[in-house]
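J.: Residues per chain, in single letters:
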Amino acid sequence: MSIRELITPETVTLDLKAERPEEAMAELGALLVRSGAVSDLDAYLEAVKAREAQGTTAVGFGVAIPHGKSSAVSRAAVAFGRSRSSLEWESLDGEPVKMVFLIAAPDGAHDLHLKALSQLARLLMHEDVRGKLLSAATPADVVNALM
Amino acid sequence: MAKMLVAVTSCPTGIAHTYMAAEALQKAAAAKQVTIKVETRGSVGAENVLTDDDIRQADAVIIAADAKVDKARFAGKPLVEVGVGEAIKDAAGLIDRALAAKAPDLVEQVEEIKQERKAQATGWYKHLMTGVSYMIPFTVAGGILIAISFMFGIEAAATEGTFAHVLNVIGGQAGFGFMIPILAGFIAYSIADRPGIAPGMAAGFLANSVGAGFLGAIVGGFLAGYLVYYLNKWIRLPRTLEGIKPVLILPLLGVGITGLIMVYVLNTPMAAIMTGLQNWLTSLSGGSAVVLGFILGAMMAFDMGGPVNKAAYAFGTGLLASQVYEPMAAVMAAGMTPPLGLFLATLLAPKKYTTEEREAGKAAGVLGISFITEGAIPFAAADPFRVIPAIMAGSAVTGALSMAFGVKLMVPHGGIWVLPMGNVVTNLAMYALAIVVGTVITALVVNLLKTNKE
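Chains A and B, in that order, give the protein sequences.
Letter 71 of the first sequence, counting from 1, is numbered 71 in the working numbering, and no numbers are missing.
Letter 85 of the second sequence, counting from 1, is numbered 85 in the working numbering, and no numbers are missing.
One thing to keep in mind: the hints can contain errors.
[Unchecked claim] Mimicking DSS-like on lysine-lysine, the simulated pairs with C-alpha atoms at most 27 Å apart in a straight line are:
1. B:K102 - B:K351
2. B:K32 - B:K3
3. B:K89 - A:K115
4. B:K71 - B:K89
5. A:K115 - B:K27
6. B:K68 - B:K126
7. B:K32 - B:K102
8. B:K32 - B:K71
9. B:K114 - B:K126
10. B:K351 - A:K49
11. A:K132 - B:K89
12. A:K115 - A:K17
13. B:K3 - B:K351
14. B:K89 - A:K49
15. B:K68 - B:K102
16. A:K115 - B:K71
17. B:K118 - B:K89
18. B:K27 - A:K132
19. B:K3 - B:K71
20. A:K115 - B:K68
21. B:K102 - B:K3
22. A:K132 - B:K68
23. B:K3 - B:K27
Simulated from the structure, these hints should not be mistaken for laboratory data.
Given only the sequences and the hints, what does the whole structure look like? Please build it.
T.: Given below as structure tokens:
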């Protein structure tokens with residue numbers, strides 16, 4: 001299981017319309033539904049919001065990684081959205097959020113999925129990766145930046 | 001030599017922050033040329049788990065977690081603890097703080113461990129310990145005042161109107177007399193909050209009146225607590241009458257029902273059990289007394305202030321209310337030897353201990369003479385399989401000797417500080433001998449098991 005199996009160009013948008021966290025979750029969640037990774041959007045978003053309520057997932061450097069584990073998720077997947085402006089999202093370092101990774105993990109997810117998610121989380125801590133994501137011109141560029 | 005750090009990261013869902021924090025720490029450490037090993041406790045489970053060797057070699061520990069992380073294995077290490085977000089935001093600063101952190105001194109650590117244990121205690125154990133902790137002041141004051149009254153001559157207190165008699169009344173009735181009701185009352189308080197106090201104390205009073213002692217009080221306290229807890233939950237009154245529930249309904253039903261159950265059902269069997277226990281304990285001599293002391297002693301050392309230790313302690317303390325004083329003596333002596341023995345061990349074989357442990361040894365000595373068994377925990381946490389058997393051996397022997405010498409102790413706490421007061425303890429010389437022997441055995445056994453530090 002690699003990160004490539006978690007994120008595909010069809011779950012990437014470089015024109016995220018959302019202005020607030022809940023809107024971003026819904027907008028990216030819809031991509032995950034379309035790709036077949038999430039079966040019940042409302043149930044899944046409930047898990048995401050519950051996690052967000054425990055503490056912001058806007059981890060700084062302009063990145064937010066809302067995530068949820070739910071039985072409404074049929075397979076682990078990630079959606080990515082980049083905003084042309086920025087979102088009103090209370091972040092750890094006070095920087096505005098420009099990029100959102102919405103992570104979906106199935107209940108009792110197989111270790112391999114979770115491992116791939118953990119690798120993705122680690123990647124985001126590297127400036128060069130974030131630079132590539134910010135300058136990506138196509139969804140395929142985004143996926144490649146994470147390889 | 002390059003500095004070495006260990007860290008643990010953890011977050012609520014364990015999907016992202018745990019790993020981002022780990023990566024941030026590793027990156028920042030590499031930039032500073034500091035070696036770091038990060039254990040991630042995420043949804044995959046614990047990965048890259050820190051070994052005892054890792055922890056021993058580390059200069060400091062970082063815990064970046066929003067979920068509970070057990071700190072016992074890091075006892076004695078310089079430690080910085082922050083939320084997981086802090087590590088993601090400022091890993092470099094966190095590493096600087098960890099490198100500058102100082103090892104906590106033993107007294108601080110012990111205090112922290114005690115607080116943590118208190119917070120973790122749940123269920124019946126928590127309720128019992130709440131009751132015992134409220135009972136202790138009455139026991140201490142009562143025991144010492146009675147002991148002082150004996151200083152006027154062992155028969156002096158028998159004559160009404162004398163000062164000795166007054167002290168004896170204060171200690172015996174106002175002090176010891178409240179032990180059992182307070183124990184029961186605050187067990188119930190722990191279960192049912194304020195409405196539990198009155199029925200609990202009533203149950204304790206009734207148990208006391210028939211000689212059901214601390215066993216009756218424990219049963220009565222739990223009965224009163226759960227009864228009132230459920231009455232409070234089930235009884236629903238119109239809003240206008242809700243105000244009379246805490247001042248009329250709950251006290252009346254709580255005290256009434258608890259009292260009736262105590263008098264008609266529980267008192268007789270509990271008093272019989274208590275009398276049986278008392279008779280058995282007072283008739284104990286020779287071999288069986290030694291066995292009891294041995295077991296109580298080993299229990300005191302086994303978890304150093306944990307539930308097993310507290311069970312033995314509550315047993316010794318509760319019996320004071322029934323004028324049985326020998327187990328209390330054994331329990332306190334055996335609770336003093338673990339830290340004392342480790343103190344002696346660090347003096348006898350300094351090469352087997354790290355510099356921090358030798359420093360901690362001195363503090364352990366002070367905690368030991370004050371009967372704070374928890375002083376042994378940092379040593380036990382660092383090396384449980386060598387330390388715990390050693391302290392159990394020493395404590396068991398001390399407990400056995402104390403029982404064999406028939407030492408009586410009238411106060412439940414205080415270590416050596418209460419011993420000089422006349423009549424608080426009988427047979428002081430033999431009591432001191434029992435403590436010294438256990439201390440020496442602890443030190444010799446632990447040093448026999450430990451190897452030299454290189």
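J.: All hints, please: hold or fail.
T.: Status of the hints after comparison with the structure:
1. For the hint pairing K102 of chain B with K351 of chain B, the CA-to-CA distance comes to about 22 Å; that is within 27 Å, so the pair holds.
2. Among the hinted pairs, K32 of chain B with K3 of chain B is consistent with the structure: their alpha-carbon atoms are about 10 Å apart, no more than 27 Å.
3. Pair hint K89 of chain B plus K115 of chain A holds up; C-alpha atoms about 23 Å apart against a cutoff of 27 Å.
4. Proposed proximity of K71 of chain B and K89 of chain B is supported: the alpha carbons are some 23 Å apart, at most 27 Å.
5. The suggested pairing of K115 of chain A with K27 of chain B holds, with an alpha-carbon distance near 19 Å, which does not exceed 27 Å.
6. Taken as a hint, the K68 of chain B and K126 of chain B pair is honoured in the structure, with Cα atoms around 20 Å apart against an allowance of 27 Å.
7. Of the supplied pair hints, the one linking K32 of chain B and K102 of chain B holds, its CA atoms being roughly 20 Å apart against a limit of 27 Å.
8. Under the criterion of a C-alpha separation no larger than 27 Å, the hint pairing K32 of chain B with K71 of chain B is consistent with the structure, at around 26 Å.
9. With a C-alpha separation of about 13 Å, the suggested pair K114 of chain B and K126 of chain B falls inside the 27 Å cut-off, and the hint holds.
10. In summary, the hint linking K351 of chain B to K49 of chain A is not supported, as the alpha carbons are separated by about 56 Å, beyond the 27 Å threshold.
11. Distance hint between K132 of chain A and K89 of chain B is fulfilled; the C-alpha atoms sit about 21 Å from each other, no more than 27 Å.
12. Restraint check for K115 of chain A and K17 of chain A: the C-alpha separation of about 30 Å exceeds 27 Å, so the hint is violated.
13. Under the criterion of a C-alpha separation no larger than 27 Å, the hint pairing K3 of chain B with K351 of chain B is consistent with the structure, at around 23 Å.
14. A threshold of 27 Å between alpha carbons decides the hint, and for K89 of chain B with K49 of chain A the separation of about 22 Å falls inside it, so the pair holds.
15. Using a Cα cut-off of 27 Å, the hinted pair K68 of chain B and K102 of chain B holds, with the two alpha carbons roughly 22 Å apart.
16. Restraint check for K115 of chain A and K71 of chain B: the C-alpha separation of about 26 Å stays at or below 27 Å, so the hint holds.
17. The hinted pair formed by K118 of chain B and K89 of chain B fails the criterion: a straight-line CA distance of about 32 Å is larger than 27 Å.
18. For the suggested pair K27 of chain B and K132 of chain A, the alpha carbons sit about 19 Å apart, so the restraint of at most 27 Å is met.
19. Among the hinted pairs, K3 of chain B with K71 of chain B is consistent with the structure: their alpha-carbon atoms are about 21 Å apart, no more than 27 Å.
20. Annotation: proposed proximity of K115 of chain A to K68 of chain B holds, straight-line Cα distance about 22 Å (limit 27 Å).
21. For the proposed pair K102 of chain B and K3 of chain B, the alpha carbon gap of about 14 Å is at most 27 Å, so the pair holds.
22. With a CA separation close to 36 Å, the supplied pair K132 of chain A and K68 of chain B exceeds the 27 Å bound.
23. A C-alpha spacing of about 15 Å is found between K3 of chain B and K27 of chain B, which places the hinted pair at or below 27 Å, so the restraint holds.
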